[in-house]
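Residues per chain, in single letters:
Protein chains: 2
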Amino acid sequence: MIRNFITSVLFTGLLGGMITPAQAATTCQSSTHKSCAKFNSKSELIRPTGYREWIYVGAPLTPNHLNNGKAAFPEFHNVYIDPASWTAWKKSGKFRDGTVIVKELVSVGSKKTFSGNGYFMGEYLGLEAMVKSKKRFPKAAGNWGFFRFTNEDFKGLKTVAGVLPESACLSCHTPNAQQDNVFIQHYPVLRGAKAMGEAGTGGK
Amino acid sequence: MIRNFITSVLFTGLLGGMITPAQAATTCQSSTHKSCAKFNSKSELIRPTGYREWIYVGAPLTPNHLNNGKAAFPEFHNVYIDPASWTAWKKSGKFRDGTVIVKELVSVGSKKTFSGNGYFMGEYLGLEAMVKSKKRFPKAAGNWGFFRFTNEDFKGLKTVAGVLPESACLSCHTPNAQQDNVFIQHYPVLRGAKAMGEAGTGGK
Chain A
1 MIRNFITSVL
11 FTGLLGGMIT
21 PAQAATTCQS
31 STHKSCAKFN
41 SKSELIRPTG
51 YREWIYVGAP
61 LTPNHLNNGK
71 AAFPEFHNVY
81 IDPASWTAWK
91 KSGKFRDGTV
101 IVKELVSVGS
111 KKTFSGNGYF
121 MGEYLGLEAM
131 VKSKKRFPKA
141 AGNWGFFRFT
151 NEDFKGLKTV
161 AGVLPESACL
171 SCHTPNAQQD
181 NVFIQHYPVL
191 RGAKAMGEAG
201 TGGK
Chain B
1 MIRNFITSVL
11 FTGLLGGMIT
21 PAQAATTCQS
31 STHKSCAKFN
41 SKSELIRPTG
51 YREWIYVGAP
61 LTPNHLNNGK
71 AAFPEFHNVY
81 IDPASWTAWK
91 KSGKFRDGTV
101 IVKELVSVGS
111 KKTFSGNGYF
121 MGEYLGLEAM
131 VKSKKRFPKA
141 AGNWGFFRFT
151 NEDFKGLKTV
161 AGVLPESACL
171 SCHTPNAQQD
181 NVFIQHYPVL
191 RGAKAMGEAG
201 TGGK
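From first to last, the protein sequence lines are chains A and B. The C-terminal residue of the first sequence carries number 204 in our numbering, and the numbering is unbroken. The C-terminal residue of the second sequence carries number 204 in our numbering, and the numbering is unbroken.
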């Protein structure tokens, strides 16, 4: 990976143009930097890797205890955007074609700590992703495709995932998400950095 | 920043040694890469910047409604570690000298959404940091110093912060934190990557 990175800096960055720190951070660089999404010959999305080093945007929680023990999504969702698409978002305030957003499912591990009662992250349960691609999803709202790598037993992850039917995700995302099928209303990092450049990266 | 980055790659990375993607991502590189913490002549910590592009480790929450309306920390805490120290953590499972961990305070913005009742992040309220430095905090537990940039009105941030007395933070961190005064029991990203190398970065 390091060798690939240095090669990329040399040919894409220093000799070929400009490279940004965020782009340099990704572990999913293609030679064209177009997208972190990789598909196999069956049009299945290959499980993204290294996303805990992507840009975190927020962690919504709808716990069981506030939903009569029957929450549709009882776990924490750690949500990340890939670094190159984050760079585009800071500049344009839009999700570029090729954007990958992942949510990692994490259990509510405990509900009490020394500082009080609350919610604290336990163990990883799963991984889901949405990919924006005009070429692959020309008819879907916003050209987004949705993928689930979560195993049925919430242990381990599938290595590939086929696109889910629109009824599984977009039917809720499209009418409720604040921008382009993404719930930026729940993601302060995206809201704060929207077309804000470096001012949105914190502390500036 | 881009200029500094390219200079750094040239002299520190390609000519002088090895650079990792995580190190390249930091917006707080010094010429020696020793620490993201910068102090002024009064030994005050200069507010870190760009931390929303650091490595997110977890988001604990102790909301008012679970603590009789009087939570000590009623907001979300988005917690990040600086990239170079994350690289060290992945390798050694220890917090290196120079580590900076920040927590950004974010309000509970709403408690209801289309998918159920819960907790959703609202607006930024403040910023706190802990810095591990044997030189600056030789007598403190773990050599950690704690700093608060949060304004009294929870709007805006202070530009510099003096070290807090140990009674303000360490008195709780030291006896309760799982490792070296850091609550890794609440941070799945740190637990999962402890001395795990790239296997801890997600999806591998």
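The set of hints was computed from the structure by calculation and includes no laboratory data. Quantities reported herein were computed from a predicted structural model and do not represent experimental measurements. There may be inaccurate statements among the hints.
What the hints assert, rightly or not - Calculated lysine-lysine pairs in the DSBU-like style (CA-CA distance at most 30 Å, straight line):
(1) B:K194 with B:K94
(2) A:K111 with B:K194
(3) A:K194 with B:K155
(4) B:K38 with A:K158
(5) A:K38 with B:K139
(6) B:K94 with A:K194
(7) B:K70 with B:K139
(8) B:K70 with B:K204
(9) B:K94 with A:K155
(10) A:K111 with A:K139
(11) A:K91 with B:K94
(12) B:K135 with B:K34
(13) B:K139 with B:K111
(14) A:K38 with B:K42
(15) A:K91 with B:K70
(16) A:K94 with B:K112
(17) B:K139 with B:K194
(18) A:K194 with B:K135
(19) A:K94 with B:K94
(20) B:K111 with B:K34
(21) A:K94 with A:K155
(22) B:K139 with B:K34
(23) A:K194 with B:K158
(24) A:K135 with A:K111
(25) B:K204 with A:K204
(26) B:K204 with A:K34
(27) A:K112 with B:K38
(28) B:K112 with A:K111
Which of the listed hints are broken here?
4, 5, 6, 7, 8, 10, 11, 13, 14, 15, 18, 19, 20, 21, 24, 25, 27
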